[in-house]
Structures are given as C-alpha cells and as structure tokens.
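Trainee: In the order they appear, the protein sequences are chains A and B.
To convert, take the position in the first sequence, counting from 1, and add 59; that gives my numbering.
To convert, take the position in the second sequence, counting from 1, and add 59; that gives my numbering.
Because the hints were derived from the structure by calculation, they are not lab data.
Please note that a few of the clues may not be correct.
It does not matter which identical chain is used: a pair holds within one copy or between any two.
Unchecked claim - Mimicking SDA-like on lysine to any residue, the simulated pairs with C-alpha atoms at most 25 Å apart in a straight line are:
{"no.": "1", "residue 1": "129", "residue 2": "143"}
{"no.": "2", "residue 1": "150", "residue 2": "132"}
{"no.": "3", "residue 1": "131", "residue 2": "100"}
{"no.": "4", "residue 1": "131", "residue 2": "160"}
{"no.": "5", "residue 1": "129", "residue 2": "163"}
{"no.": "6", "residue 1": "131", "residue 2": "78"}
{"no.": "7", "residue 1": "129", "residue 2": "102"}
{"no.": "8", "residue 1": "150", "residue 2": "60"}
{"no.": "9", "residue 1": "150", "residue 2": "164"}
{"no.": "10", "residue 1": "129", "residue 2": "160"}
{"no.": "11", "residue 1": "131", "residue 2": "93"}
{"no.": "12", "residue 1": "131", "residue 2": "164"}
{"no.": "13", "residue 1": "150", "residue 2": "162"}
{"no.": "14", "residue 1": "131", "residue 2": "158"}
{"no.": "15", "residue 1": "129", "residue 2": "61"}
{"no.": "16", "residue 1": "129", "residue 2": "162"}
{"no.": "17", "residue 1": "129", "residue 2": "164"}
{"no.": "18", "residue 1": "131", "residue 2": "163"}
{"no.": "19", "residue 1": "129", "residue 2": "89"}
{"no.": "20", "residue 1": "131", "residue 2": "108"}
{"no.": "21", "residue 1": "129", "residue 2": "161"}
{"no.": "22", "residue 1": "131", "residue 2": "162"}
{"no.": "23", "residue 1": "131", "residue 2": "161"}
{"no.": "24", "residue 1": "150", "residue 2": "92"}
Number of protein chains: 2
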Amino acid sequence: MIATTPTPPYYAVIFTSIRTDYNDGYSDMATRMVEMAHLQPGFLGVESARTELGITVSYWESPESIRVWKEKAEHLIAQQIGRERWYESYKIRVCKVERDYGFEL
Amino acid sequence: MIATTPTPPYYAVIFTSIRTDYNDGYSDMATRMVEMAHLQPGFLGVESARTELGITVSYWESPESIRVWKEKAEHLIAQQIGRERWYESYKIRVCKVERDYGFEL
Numbered sequence: 060m061i062a063t064t065p066t067p068p069y070y071a072v073i074f075t076s077i078r079t080d081y082n083d084g085y086s087d088m089a090t091r092m093v094e095m096a097h098l099q100p101g102f103l104g105v106e107s108a109r110t111e112l113g114i115t116v117s118y119w120e121s122p123e124s125i126r127v128w129k130e131k132a133e134h135l136i137a138q139q140i141g142r143e144r145w146y147e148s149y150k151i152r153v154c155k156v157e158r159d160y161g162f163e164l
Numbered sequence: 060m061i062a063t064t065p066t067p068p069y070y071a072v073i074f075t076s077i078r079t080d081y082n083d084g085y086s087d088m089a090t091r092m093v094e095m096a097h098l099q100p101g102f103l104g105v106e107s108a109r110t111e112l113g114i115t116v117s118y119w120e121s122p123e124s125i126r127v128w129k130e131k132a133e134h135l136i137a138q139q140i141g142r143e144r145w146y147e148s149y150k151i152r153v154c155k156v157e158r159d160y161g162f163e164l
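Start from the sequences, fold in the hints, and give me the full structure.
Mentor: Laid out in structure tokens, this is it:
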C-alpha cells in the first residue's frame, strides 16, 4: 500500500539494500521490525518493494523520532545481525520531504 | 544497484506506484524514461524495485534539476499515458537528503 502521510514537511528514511543468500531469520526479523516501527512515536507509515534491490521507505514526523528508532535496543540487534548475515550492502538516506502529490483512479 | 551519490545535501524523488493490469507499452516507457533521466542535467542516479508496490527513487543535484525533468516534453507524455493506462495510483515525494551512510561486506 502507498503510505498515507500528512502535508509536508515530514521525514523519510530510504533504506536500499542488497541481500545475501542467507535467509534464516530474515523474514521474521523484517516483519518484527515493521511491527515495532508502527509502535514508535512519530512513525507515519512505510512502503516496501524488492526485485534484486530492496527499497524500504519509512516516514516520520521528525529527525528526533528517526534517531530514537535507530537506537532502540531490539532494532540495534537487528542492524548488527543484518550486517553479519542478511545484507551484502545497504545505504540509508535520511530526507526531509518538502512536497508531495499524487494520483488515484 | 544501489546508486552512488555524492555527500549530502542532494535531492531525492520517491515515486511509489500501484500498476493497473494494462501492460502494453509500459516496459518500453519505463526503460526509455530511465535512459532519458540519465541524460538530464543534475541527475545523480536511480534505484527501483517492485513487489505489489513499485518504488523508484531518483536522485538529483537540485530542486531545479527535478523541475526541469518533470516538465520535459516526452516525460509529460509518459506521465499522461501513465495516468490514463498504467497506474492505478501513485504518489511522488520530493525530498532533500540531509545525511546518508551505508554498509558493504
């Protein structure tokens, strides 16, 4: 689903990744992290897709809400295991959404 | 491939979409638009993935380079046909990338 987000400005974290062939635990972790993100203060929504590249964009009210989520204990563990096992490479870009518009049939 | 982008700040356009079942011409258009984007002044890179949701993130030097690309004639035609045939819905978010970091094995 396309995330329903408020009128800008708000913030986006673009997480682009390439996975390893190691799958054990990956899907459970990914599901759990999305569940946890939904409970975080300032969380606005998330969008995700994967072909070869995976792209997950999460939306947040403020840079502070992004920082708190980044440092959350269970998320830190997921990040560490991610670097050890699940990801060959990734890039995280923290952005301020300045304007948005859309289209619906 | 994860896009190689310069030190922030730079700009990102997050294009999130849901497709219709109508495929005629879609793949050619998508390929052509990526080729054209690469030739635009200020274009830095692009990342794309699709599961149910499609996410394409293009990176740009400035808001002005994004505006010029948006108004380019062949791109305007693609946008119009997109709304008429290929997309059920989409959302475009124009962002300033404030910081980034990454990981590589």
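Trainee: Could you place residue 129 and residue 164 in one of the four classes (within, between, both, neither) given a Cα distance threshold of 25 Å?
Mentor: Close across copies (21 Å), not inside one copy (36 Å); limit 25 Å.
Trainee: For residue 129 vs residue 161, is the C-alpha pair at or below 25 Å within one copy, between two copies, both, or neither?
Mentor: between (29 Å within a copy, 14 Å between copies)
Trainee: When no copy is specified for residue 131 and residue 162, does a C-alpha distance of 25 Å or less occur within a copy, between copies, both, or neither?
Mentor: between (35 Å within a copy, 19 Å between copies)
Trainee: At 25 Å max between alpha carbons, let me know whether residue 131 reaches residue 93 within a copy, between copies, both or neither.
Mentor: within (13 Å within a copy, 37 Å between copies)
Trainee: Evaluate residue 131 and residue 164 at a C-alpha cut-off of 25 Å and name the case that applies: within, between, both or neither.
Mentor: between (39 Å within a copy, 24 Å between copies)
Trainee: Is it within a copy, between copies, both, or neither that the alpha carbon of residue 150 lies no farther than 25 Å from that of residue 162?
Mentor: So residue 150 and residue 162 pass the 25 Å test across copies only (6 Å; inside, 29 Å).
Trainee: Evaluate residue 131 and residue 163 at a C-alpha cut-off of 25 Å and name the case that applies: within, between, both or neither.
Mentor: Between copies only: 22 Å across chains, 36 Å inside a chain, cut-off 25 Å.
Trainee: Is it within a copy, between copies, both, or neither that the alpha carbon of residue 129 lies no farther than 25 Å from that of residue 89?
Mentor: Within one copy only: 15 Å inside, 34 Å across.
Trainee: Using 25 Å as the alpha-carbon threshold, which applies to residue 150 and residue 132: within, between, both, or neither?
Mentor: within (21 Å within a copy, 33 Å between copies)
Trainee: If the cut is 25 Å between Cα atoms, do residue 131 and residue 161 qualify within a copy, between copies, both or neither?
Mentor: between (33 Å within a copy, 18 Å between copies)
Trainee: Between the shortest in-copy and the shortest cross-copy C-alpha distance, which are at most 25 Å for residue 129 and residue 162: within, between, both, or neither?
Mentor: between (32 Å within a copy, 15 Å between copies)
Trainee: Within a copy, between copies, both or neither: which one fits residue 131 and residue 108 at a CA-CA cutoff of 25 Å?
Mentor: within (24 Å within a copy, 28 Å between copies)
Checked against the numbered hints listed earlier, the structure breaks none of them; every hint is satisfied.
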